[in-house]
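Novice: In UniProt numbering, the protein residues as written are 1 to 303.
Since no wrong hints were added, every one of them can be taken at face value.
Cut-off 30 Å, straight-line C-alpha distance, at most; resulting in silico cross-link-like pairs (DSSO-like, lysine-lysine):
id : residue 1 : residue 2
1  : Lys237    : Lys215
2  : Lys189    : Lys214
3  : Lys189    : Lys215
4  : Lys70     : Lys168
5  : Lys214    : Lys237
6  : Lys189    : Lys217
7  : Lys70     : Lys97
8  : Lys237    : Lys185
These aren't lab readings, by the way, just hints derived from the structure by calculation.
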Amino acid sequence: MTGTDFQRGPGGPAIILVEPQLGENIGMVARAMANFGLSELRLVNPRDGWPSEKARAAASRADHVIDAVKVFDDLGSALADLNFVFATTARQRDGFKAVRGPVEAGRVLRTRHTMGQRTGILFGRERFGLYNDEVGLADEIVTFPVDPDFSSLNIAQAALLMSYEWMKSGLEDETKTNFTGPEMKPASKEELHGLFAYLEGALEARGYFRPPPKKPKMVDNLRAVLTRAGFAEPELKVLRGIISSLDRFSPAMPRGDGSPGDDPRRLPAAARAGKAEAERQAHKPVGDDEDAPPLGGKGTDND
Numbered sequence: 001m002t003g004t005d006f007q008r009g010p011g012g013p014a015i016i017l018v019e020p021q022l023g024e025n026i027g028m029v030a031r032a033m034a035n036f037g038l039s040e041l042r043l044v045n046p047r048d049g050w051p052s053e054k055a056r057a058a059a060s061r062a063d064h065v066i067d068a069v070k071v072f073d074d075l076g077s078a079l080a081d082l083n084f085v086f087a088t089t090a091r092q093r094d095g096f097k098a099v100r101g102p103v104e105a106g107r108v109l110r111t112r113h114t115m116g117q118r119t120g121i122l123f124g125r126e127r128f129g130l131y132n133d134e135v136g137l138a139d140e141i142v143t144f145p146v147d148p149d150f151s152s153l154n155i156a157q158a159a160l161l162m163s164y165e166w167m168k169s170g171l172e173d174e175t176k177t178n179f180t181g182p183e184m185k186p187a188s189k190e191e192l193h194g195l196f197a198y199l200e201g202a203l204e205a206r207g208y209f210r211p212p213p214k215k216p217k218m219v220d221n222l223r224a225v226l227t228r229a230g231f232a233e234p235e236l237k238v239l240r241g242i243i244s245s246l247d248r249f250s251p252a253m254p255r256g257d258g259s260p261g262d263d264p265r266r267l268p269a270a271a272r273a274g275k276a277e278a279e280r281q282a283h284k285p286v287g288d289d290e291d292a293p294p295l296g297g298k299g300t301d302n303d
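Can you build the whole structure from these sequences, using the hints too?
Specialist: Put into structure tokens, the structure is as follows:
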């Protein structure tokens, strides 16, 4: 998804990356944060130093996050001003910390944020995550319901999941979207029955209902298909236009060759003859008068 209509709100949990190895990953974390309204990114002893042009490029214009990055020499300093911290991990740890899923964790963070507390989410190294003593500095653990046979998440993916849950926890309706589909008036039964009658007539003219004794069942099946969709009024108009076009035009008389009424095969015999004569007269060369005597004949001025 490119762009977002969510308004960037103040505050929210800080995202803390412990010894991130690649600038590209830092940039993708920044992008994920910006997608869901977070802006405070903290780095603990990044391997390749800071600032990083690779991180800025990967952030895809999330420059406000990159510009505000804070770098710390150790994890304790990075957490010092926070009141509550989640540590993310994919494996079970020894200890007595509560373990939550991302949905519940997002709600916990929102509740504490509303209470005025400063919160954070702790992410470990790309290769092996957090050490036990680093997890010990957090208040609770958050883990994701992933396939146990393939539980490793890219750090940007993990940050994206938690950022999304943070944003979702602040919505009045968790199913809310940035935009909706068009509101269309449902078709009336009169309009739907009109389509049935029109389509049935067009199919009857083309010998669709064969053998004739099966026509009632075929009509029932056709109506069952068309009533199941729950068409809106504009949709019925589209369908009727399509059927009308197929009814009026054919490969022998395609659209663009004039009105189907110009096709002589659609006219009664007398009308076809009159139309053919009119076309012959219209295309006759100038001066071609059938009633005039031939030039150079006997009894003319040319003798």
